[in-house]
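Asker: This is what each chain is made of:
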Amino acid sequence: MKLIQGILQGKVRPLAKAISLVEDNLIDKEELIDQLYPHTGKAAIWGVTGPPGAGKSTLVDKLIDRERSQDHRVAVIAIDPSSPFTGGALLGDRLRMQRHSLDPQVFIRSMASRGHLGGVSWGCSDAIKILDAAGFNTIIIETIGVGQTEIEVVELADLVMLVLAPGMGDEIQAMKAGVMEIGDLFVINKKDLPGSEKLKAEIEYVLNLSSDNPEQLPPVILASAQKSEGIDELWKKLSTKYQQLVKSGYLSARRKERIKKELSRIILYKVHHLLDKKIALQDNIDNWAEQVYLKKDMPYTMVNKQINRFKKEMRLDDSKN
Amino acid sequence: MSTQDKLEQKKKQWEQNTLNKALSKFPERKTEFTTGSSLPVDRIYTPPQDCQEKYVEDLSFPGEYPYTRGIQPTMYRGRLWTMRQYAGFGTAEESNQRYKYLLEQGQTGLSVAFDLPTQIGYDSDDDHSLGEVGKVGVAIDTLEDMEILFEGIPLQKVSTSMTINAPASILLAMYMAVGDKQGVNNTQLKGTIQNDILKEYIARGTYIFPPEPSMRLITNIFEFCSEHVPKFNTISISGYHIREAGSTAVQEVAFTIADGIEYVKSAIKTGLDVDSFAGRLSFFFNAHNDLLEEVAKFRAARRIWAKVMKEKFHAQNQKSLLLRFHTQTGGSTLTAQQPDNNIVRVTIQTLAAVLGGTQSLHTNSRDEALALPSEQSVRIALRTQQIVAHESGVINSVDPLGGSYYIEHLTDEIERQVWEYLDHIEKIGGMVEAINKGFIQKEIQDAAYHYQQDIENSERIVVGVNKFTVEEAPPKDLLKVDPQLRKIQVTKIDKIKQNRDNLQVKNNLKELRSAAEHKSKNLMPYILDSVRVYATLGEICTVLRDVFGEYQESIVL
Amino acid sequence: MSSKNVRILIAKPGLDGHDRGAKYIARALKDNGYEVIYTGLRQTPESIVQTAIQEDVDFVGLSLLSGAHNELFPKVVELLKQNQAEDIIVFGGGVIPEEDIPALNQQGIKAIFTPGTPIKDVVSFIEKNRKT
Chain A
506 MKLIQGILQG KVRPLAKAIS LVEDNLIDKE ELIDQLYPHT GKAAIWGVTG
556 PPGAGKSTLV DKLIDRERSQ DHRVAVIAID PSSPFTGGAL LGDRLRMQRH
606 SLDPQVFIRS MASRGHLGGV SWGCSDAIKI LDAAGFNTII IETIGVGQTE
656 IEVVELADLV MLVLAPGMGD EIQAMKAGVM EIGDLFVINK KDLPGSEKLK
706 AEIEYVLNLS SDNPEQLPPV ILASAQKSEG IDELWKKLST KYQQLVKSGY
756 LSARRKERIK KELSRIILYK VHHLLDKKIA LQDNIDNWAE QVYLKKDMPY
806 TMVNKQINRF KKEMRLDDSK N
Chain B
64 MSTQDKLEQK KKQWEQNTLN KALSKFPERK TEFTTGSSLP VDRIYTPPQD
114 CQEKYVEDLS FPGEYPYTRG IQPTMYRGRL WTMRQYAGFG TAEESNQRYK
164 YLLEQGQTGL SVAFDLPTQI GYDSDDDHSL GEVGKVGVAI DTLEDMEILF
214 EGIPLQKVST SMTINAPASI LLAMYMAVGD KQGVNNTQLK GTIQNDILKE
264 YIARGTYIFP PEPSMRLITN IFEFCSEHVP KFNTISISGY HIREAGSTAV
314 QEVAFTIADG IEYVKSAIKT GLDVDSFAGR LSFFFNAHND LLEEVAKFRA
364 ARRIWAKVMK EKFHAQNQKS LLLRFHTQTG GSTLTAQQPD NNIVRVTIQT
414 LAAVLGGTQS LHTNSRDEAL ALPSEQSVRI ALRTQQIVAH ESGVINSVDP
464 LGGSYYIEHL TDEIERQVWE YLDHIEKIGG MVEAINKGFI QKEIQDAAYH
514 YQQDIENSER IVVGVNKFTV EEAPPKDLLK VDPQLRKIQV TKIDKIKQNR
564 DNLQVKNNLK ELRSAAEHKS KNLMPYILDS VRVYATLGEI CTVLRDVFGE
614 YQESIVL
Chain C
1183 MSSKNVRILI AKPGLDGHDR GAKYIARALK DNGYEVIYTG LRQTPESIVQ
1233 TAIQEDVDFV GLSLLSGAHN ELFPKVVELL KQNQAEDIIV FGGGVIPEED
1283 IPALNQQGIK AIFTPGTPIK DVVSFIEKNR KT
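Residue numbers (the working numbering), protein chains in the order written: chain A, 506 to 826; chain B, 64 to 620; chain C, 1183 to 1314.
Some hints here could point you the wrong way.
Stated by the list, open to error - Cross-link-like lysine-lysine pairs, in silico, DSS-like; alpha carbons within 27 Å at most:
{"no.": "1", "chain 1": "C", "residue 1": "K1186", "chain 2": "A", "residue 2": "K516"}
{"no.": "2", "chain 1": "A", "residue 1": "K507", "chain 2": "C", "residue 2": "K1263"}
{"no.": "3", "chain 1": "B", "residue 1": "K530", "chain 2": "C", "residue 2": "K1302"}
{"no.": "4", "chain 1": "C", "residue 1": "K1263", "chain 2": "A", "residue 2": "K516"}
{"no.": "5", "chain 1": "C", "residue 1": "K1263", "chain 2": "C", "residue 2": "K1313"}
{"no.": "6", "chain 1": "A", "residue 1": "K765", "chain 2": "A", "residue 2": "K752"}
{"no.": "7", "chain 1": "A", "residue 1": "K775", "chain 2": "A", "residue 2": "K522"}
If you are wondering where the hints come from, they were derived from the structure by calculation, not from laboratory data.
Please put together the full structure from these sequences, using the hints given.
Answerer: The following block contains the structure:
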């Protein structure tokens, strides 16, 4: 495939086209990804997550500077939500990174969540492979905001930083309930605002409570992305943390875990599709529902009837082969 | 039975008998009526309960607190407003000709429009200036352009308003230098610089530096002018562009006053006494088509500002309480379709501004939705003001709509909603943080989006656009700016750079840089020294960009 | 689930800060089911083109009110061509005199939408020109 050559040579247009291919989930993507896969595994993948308005994009913008100062090639995937009603999306994260648009060593791509069935992670995880194969040293994934996707970013990234800012009371309370565990590193952005020190103390307290190993607590860093303050410290901590992950062997464990999850997800997805087709759910569901509504059939009787029909068809398939 | 009860009873009777009978035969055109900014409008308003008490407290008399009815006791019976047409395009020479023409036509003040490179601190030869030189205003690169711009116009006799924000200090310095060369003392210079950076972040987009150093430049100007250029309005806190960006009338007042509060806070923080600068603060509002809502808006704004200055900042001087404002008719209300209809819109808006008690007014030209206005269109626009002033009779009594039940209701309602916004912004942490968060931008965007949707769905009628349309031939005789203009300006810059004392320029810019690095220094004297030796606007801004950094747009989509 | 989503870049070239129209069109296109990327103010033709390529958009919409359209719009088309991305369709909007439109069309700007254009006209333009 010509596309693959272009990507391996680091050309922008083929790279961008290939990402559309995986986003649109076109069938050609499978061959593309399998051919690129041997070339992956070199990039460091960072996840950046946190509530909307915490300043994630501005922070990423500043991290790009630091990475570029090391002559690293950087790719960013910035995810925004799709409208559940129209499927449309307004992707505005790159606005804050736009000054890098003319740097040929920086690649920024906005992605819409496109809703359901793990849509984010699916398009995104293949996009990461493409960028990795294209030779980017660092790939940064910026997520939508707090929610389910934040958990998924853990499956995608080698290292996750959670960005918070003072004055977002409710969101942060919600975070403490679960999302806290996913951060390898915490950033309190907008440190000039009142309450930043207090927030830092709170986070450290919660981390302390939930940790079995108080020696190895994730760092909590005060920063102001807008004023470029605290970015150097953050960036250094990031690099140290990454080195730790590599040395301790934890990185390869994470990556294996990631492959495991990804494979199961894809297999289940494909099986689901196959099943869907086999029992012709979409064609028959109206009719089945009608029967149950009219009480001609009971719900579980109906379900088991269909499952048995399906099993029988599968056995027929087997005997044919 | 009290008078109020009698009134209520009478109203109920009217509703039951007269009104219901009429409604059963002729239902109203709509179930809900609203103002141009979507405030609900009742069928009829009646005297409020505590009519007399309310009068003394909320309205009072013109020239007295809270100034609802006007900032002077006699208003236009004493002196008409200043008719001030915003103009400027192409080279300084061309704009100079237009100013002289306008003064001959009876205009009483100048208003300078600068091109975008000038407003954003780029010289005409900068890469960023491609295609933009002289397009929306005059191109100013060095003091020489400014000298040409005011050639033959005695600065002690005119008042000059300059629409300049991020580099306001530089253009003011150039104006002072031109005054010096004409032999006019700085203390005699009259006029206004817009100098309102916060609304640039919100709505207009010609920012350069981040908020912190920008606020410093502004307070530097306040401090410097109170001593050296005391007759100059050091800022024109502008709601105009906020409204143009699609805000409602309430938002226009709320965000403008919130900006004003931020400037006052910032000046007080640097140690200035509130009464030393507050009298030189001026405002700039929009006038849209909903005549009565707009009149109420101006009245509400005056009352709120007086309260803010008195109660929040404890200003002692009466002048500090006055909301003096310039008005421009609403550019976004003009249509490209059937452009002559715009003359009528501008007339309504002129009435709104005058009935609202404006201190000066710019009327838009009918062809501004198409291009820069032609000379003939500008004349009609100016004549519109003159007809309202001399023929309509609305100027003969102060605040002639005061006491209208509807106007007073709207004034109160706008005020109430403005305070709600002001409280919310205070809670967020002030205007700078509200802008950083994108809160203000988001509020305006939402209002603009719904307004546009209403037009698309024909829930709102714009004559000639979504109703009463006709087939039209493309308009002719539009003003065109010479595309060669950039070359002319570039040649001028080259020549100046050859002829000026370059060592002196380098030295003065170096001193400017080191002053900029010290937060406590007032930069105005250093900027003056730089413009006097013909350092270019771009050179000065480059120094400041290096030290201050550049603002990064913050919006929430 | 496979489907080709239409991606559109809405960009503001030049220096003018009037983004009411650009933001409106961005949001309205989103409400019509498209994925819209918005660049913000003061974009050079070079950065618009690089962004269009990285984002692999199908359309670029340029919004300009300062009068610099005759210089800046054709520059975007030209740079797309130089980058072998001439399949990306360019359209424009803003205060653009009728008499400038034929020349802009000729230089590869596929459509110009002047103030007052209903959003459905823009949508039908996109539907007519989108790759299936």
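Asker: Now look at each hint and say whether the structure bears it out.
Answerer: Status of each hint after checking the structure:
1. C:K1186 with A:K516: Holds, at about 22 Å.
2. A:K507 with C:K1263: Judged against 27 Å, a Cα distance of about 20 Å means the pair holds.
3. B:K530 with C:K1302: Since the Cα atoms of K530 of chain B and K1302 of chain C sit roughly 17 Å apart, the hinted pair holds (cutoff 27 Å).
4. C:K1263 with A:K516: Roughly 16 Å separates the two Cα atoms, so the pair holds.
5. C:K1263 with C:K1313: Distance of about 18 Å is within 27 Å: holds.
6. A:K765 with A:K752: 22 Å, holds
7. A:K775 with A:K522: 24 Å, holds
In this structure, every one of the numbered hints holds.
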